[in-house]
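J.: Okay, here's what each chain looks like letter by letter:
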Amino acid sequence: MRGKAVFAIVAIGLLTWCWPGATHAGVDKEKLLKDTGVYGTFAVFKVDEDWWKLDKAARASAAAEVKAVFQKHGDTVATDTYLLRGLVEKADFFVRVHSTEMLHNQNFLVDLMGTTLGKHLVNTYTFNGITKGPNYVPSLPDDLKAALKTPPDPGPKPYAIVVPVRKDAEWWITGQDGKNAMMKEHTEATTAYLKTVKRKLYHASGLDDLDFITYFETAKLDDFNNLIIALERVKENRHNRQFGNPTLLGTIRPLDEILEILSR
Amino acid sequence: MRGKAVFAIVAIGLLTWCWPGATHAGVDKEKLLKDTGVYGTFAVFKVDEDWWKLDKAARASAAAEVKAVFQKHGDTVATDTYLLRGLVEKADFFVRVHSTEMLHNQNFLVDLMGTTLGKHLVNTYTFNGITKGPNYVPSLPDDLKAALKTPPDPGPKPYAIVVPVRKDAEWWITGQDGKNAMMKEHTEATTAYLKTVKRKLYHASGLDDLDFITYFETAKLDDFNNLIIALERVKENRHNRQFGNPTLLGTIRPLDEILEILSR
Amino acid sequence: MRGKAVFAIVAIGLLTWCWPGATHAGVDKEKLLKDTGVYGTFAVFKVDEDWWKLDKAARASAAAEVKAVFQKHGDTVATDTYLLRGLVEKADFFVRVHSTEMLHNQNFLVDLMGTTLGKHLVNTYTFNGITKGPNYVPSLPDDLKAALKTPPDPGPKPYAIVVPVRKDAEWWITGQDGKNAMMKEHTEATTAYLKTVKRKLYHASGLDDLDFITYFETAKLDDFNNLIIALERVKENRHNRQFGNPTLLGTIRPLDEILEILSR
Amino acid sequence: MRGKAVFAIVAIGLLTWCWPGATHAGVDKEKLLKDTGVYGTFAVFKVDEDWWKLDKAARASAAAEVKAVFQKHGDTVATDTYLLRGLVEKADFFVRVHSTEMLHNQNFLVDLMGTTLGKHLVNTYTFNGITKGPNYVPSLPDDLKAALKTPPDPGPKPYAIVVPVRKDAEWWITGQDGKNAMMKEHTEATTAYLKTVKRKLYHASGLDDLDFITYFETAKLDDFNNLIIALERVKENRHNRQFGNPTLLGTIRPLDEILEILSR
Amino acid sequence: MRGKAVFAIVAIGLLTWCWPGATHAGVDKEKLLKDTGVYGTFAVFKVDEDWWKLDKAARASAAAEVKAVFQKHGDTVATDTYLLRGLVEKADFFVRVHSTEMLHNQNFLVDLMGTTLGKHLVNTYTFNGITKGPNYVPSLPDDLKAALKTPPDPGPKPYAIVVPVRKDAEWWITGQDGKNAMMKEHTEATTAYLKTVKRKLYHASGLDDLDFITYFETAKLDDFNNLIIALERVKENRHNRQFGNPTLLGTIRPLDEILEILSR
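Residue numbers (my numbering), protein chains in the order written: chain A, 268 to 531; chain B, 268 to 531; chain C, 268 to 531; chain D, 268 to 531; chain E, 268 to 531.
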């Protein structure tokens, strides 16, 4: 009961931020989130110790500056914000940025880092990737293809998890049939969680020291824990040279709420 | 003799904190510590060098602020506090937080980190996990099942040790029979220490860069050292990709005592 | 459409800096970029937090100081500048320095680090290398040799990526025939991207903790991502002990623009 | 000749500190150094950069405070002090603490870190261990057992070296006969150095991210270098997952001398 | 032409410092550089950011203090100084210290770190080693022995490179014949570079987390790069667990010049 109430509050915050109203003439975020060829940058920040020495008024005006930067770039980038503070050491929050050119992501982040708050942010991690069409789905059997169409449960999914992945050389050198077989097993392991865990994949080879950025949203962290265990049990797991390190576990929060937490 | 006296003092402090009295209408801590599906967060902190530049009065008022945060969240989270200072580099203390939603753990820690003391805390490590029912006990022979019911020796157990664990891919890919056989050997190695070493297990896959968080309490560190050696000698040890790093060795201390040490 | 406009602006900036006019009697940069036996140093910097506390006038005068150092050394070194801020954690920009003696690179960088801005720069990474003639091209079949002569598409290539590489002992101990065969496969994987991705190679063994510094320029990061995936799929990839770590993804920007960003 | 004079000076300092006179009613240090079941903590410190900004008088009074802490805990812990400055990066000195309860070690170190100097100490490394009886000696042939009774050469041994060790899973899983055979070879390699290199062993499994802490004293670092090479040549070396990292090479110095160096 | 002029200037500086004149009654440096049983310490430093906030006069007087420390210890240690700034991240310069007792090296470095400049130095790396007679030369064929007597080309060698090395357990456990064969191949690979690259070897097992410190001087970094590639191609390279990390590439510079650079 209590849990649901908590989710509802988070969800309202989320809605407020994600759909800022029909009057906003910004990028088509929903399209960016679905399209291939979209560049995603995950920029993770930790507030430095000097930030806390600013007085309340300075922090409030700094928050306004940040909001203006988000608005200014609303025509080129779509953004989501997440609170990591408390759950991940060395990180307070991260911004997920989507656009059709990596340069837009950079320009937005350069402006964000140039604000008063930005000058107090330590950029702990940054992951860059690009979205693509599914690699292995065409090779899957029909029943598995059908299962993949299961719609996620409605309702808010307040938790987000980002897991960067790097495969070993053997994975890449394995032929397409071998990879298809391993990915079939991998996909089967995920079907039990399609309703409660949403997933998005970014390809990162050459854009970062990663091959993939995997992004998840869920309301049920116990299901997510079981999903990852299921994925650890398939043979493809032998080829994960890096899986996490860092794992970013956070909650989806509107920018306003994150700024409010940093301004207290 | 002296040793016992020391333990007694620590134990009294422990009791004072853990059972704050029947009038407190907070979470049912005992239930949280036994239930499955409970989220545990281990948040490890080091006080920064500027903290020590505050004067005594500022530090005393900062301590009061911290206590208020613990009380405010007493309805949603159960907490335990541990002193690492002196025994673990880069860490002064940690808080173990339990609740039925990871969001509660985060909200408590965000508030704690937002206090005057909190703004001087470096969050060295954080581990997140979830409790579950036993995986392997059902497959154990009856005599071993019976042995596992040995109650721990009464009396205080002032030392706590946290060892994060990550298994290799081969462990996860091994079939259930193979894992059962290895866990039987593992369990046999622990029976000699059931009386003097208490243990609690958290599952962490996907919630952190770990598979398990193992937590121990003991009054006899020599027994604990022997227990770990016994566990190093079983074949399951081949599958520990990470065991410790960090190992957190500390003493259970009430919040008041930790705050007093940091306020001297 | 918009993307092209963005590129055009970047390109104009780039031209302004790279070809500072016929009246400049500096090193022959074009020759340095083509010759073998040229020493290249990649010096990566992060501005420290105190920099931002300087007032505008101080920062403007610091920028002028930096420009004077670039000019002073224009007779011995050729330089290019790149913005990493926003896309790479722990780095704001890097300078690529070319000259006929490593000592010139050092003297230039010592002067740069001795400016007011320089004293606020943290030198995050430095890579040193030397250019050489192609090792494997002579052994390639004629059609592949011909393909390698494909000129890159005209037009600006605003993105630059630097990937440091270290091979394993087995790579070096493999005989020339074995290496030729692997490099033939490697080269074949790159032909599809010769038009959209420019590449330059530096040899680093003994000059740094690397064997190679690979440098790329492109306007199409999706092609670059595919190129790296193609290279991950060839057997030579088994011998990459280090590939990236760090991968530097940035945009080519004239010094003036970088200084302007740091002076805001 | 000069070398001997230097050693004599160090030795006098050492004697002054280690045997503070018959009137001191502290722990029986000699017994602690011989007994099994004794807890040893090696706490390594680096002075921070702000320490040096204190004026001379402040530093002198800080030194007196430190001495008082050593005296206060003289009833529960035995201590030795070592200078690392100059020979080990990131460390200025370390204290070796022995007592019958790890809690005593912690309480002493908490008090030490709570002094004015302590608040300027960065705790670079801490190793915790316990002493035990010899594991392998009973299985050695009689002549080797006899050799092990060789008394060390008299005279001061001004150098101390600490090498933390972690074995691999195969070591622990190897049966007792296999370990006996490897330890016989190991022990034979050390006999040539029994006169010039003293050794003490601590068991650390579960108390730290180590299995052993090996501690050495010598006047002849060339012999010590040869001893370690001899140990690298035996098959047991295959099972050292960690050997050093860090290796602490320092000189035994009385507390007064270390405080004097830090107060200049 | 220009390159030669540069070298000449560096060389004159070098001469000034290394041979301070016949009137100096210090250690016999030439003997220390040739003898076995000599202890070498490589102490690498980075100036901290506060150093640059001192005014010119303070820095000049700090430089004089440093020179006095070098002179004071001239009876016990021989020193060389090297500029890394610009070519190695996290390091500005290093001092190579030789003496007959490690204690002398420590006492010199403690005094150096106790100066006003020293208190602003971060000790990034320290390597300790000892010189010994050649291990493998006696087993080499006569023509290779003769080749090793090739004198280096005359003229200044302004570049110095330090490469720390750690071998794997298999290297150490390999019998003398096997090592002789590998070192024969290793030595053959070096003969082409005997004229242009000078080399000195230190043994470090137990004195540091290394087995060897290899030190090189050259005027031709292209030759040095080729030498290291040649060494990567021999089978002994399979046994290098660590080779570099860090590689220190710098220029030999007299103390005065380094102090001048740091005082600008």
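I should point out that these hints are in silico values taken from the structure, not numbers from a laboratory.
Take the hints with a grain of salt, since some may be wrong.
To be verified - Output of the computed footprint for chain E on chain D, the stretches with three or more beta carbons under 8 Å from beta carbons of chain E:
| no. | segment |
| --- | --- |
| 1 | 293–307 |
| 2 | 419–429 |
| 3 | 441–455 |
| 4 | 505–515 |
Yeah, the Cβ is synthetic: ideal placement off N, Cα and C, and Gly gets one too.
J.: Run every hint past the structure and note whether it holds.
T.: Results for each hint:
Here's how the segment 293–307 of chain D fares: 0 of its residues keep a CB closer than 8 Å to some CB of chain E, so the rule of at least three is not met and the hint is violated. Under a criterion of three residues with beta carbons nearer than 8 Å to beta carbons of chain E, the stated coverage of the segment 419–429 of chain D is upheld, 3 such residues being counted. Coverage of the segment 441–455 of chain D by chain E is violated. Counting CB-CB distances below 8 Å, 0 residues qualify, and the rule asks for three or more. Check on the segment 505–515 of chain D: 6 of its residues sit with their Cβ under 8 Å from a Cβ of chain E, so the three-residue criterion for coverage holds.
Checked against the numbered hints given earlier, this structure breaks hints 1, 3; the rest are met.
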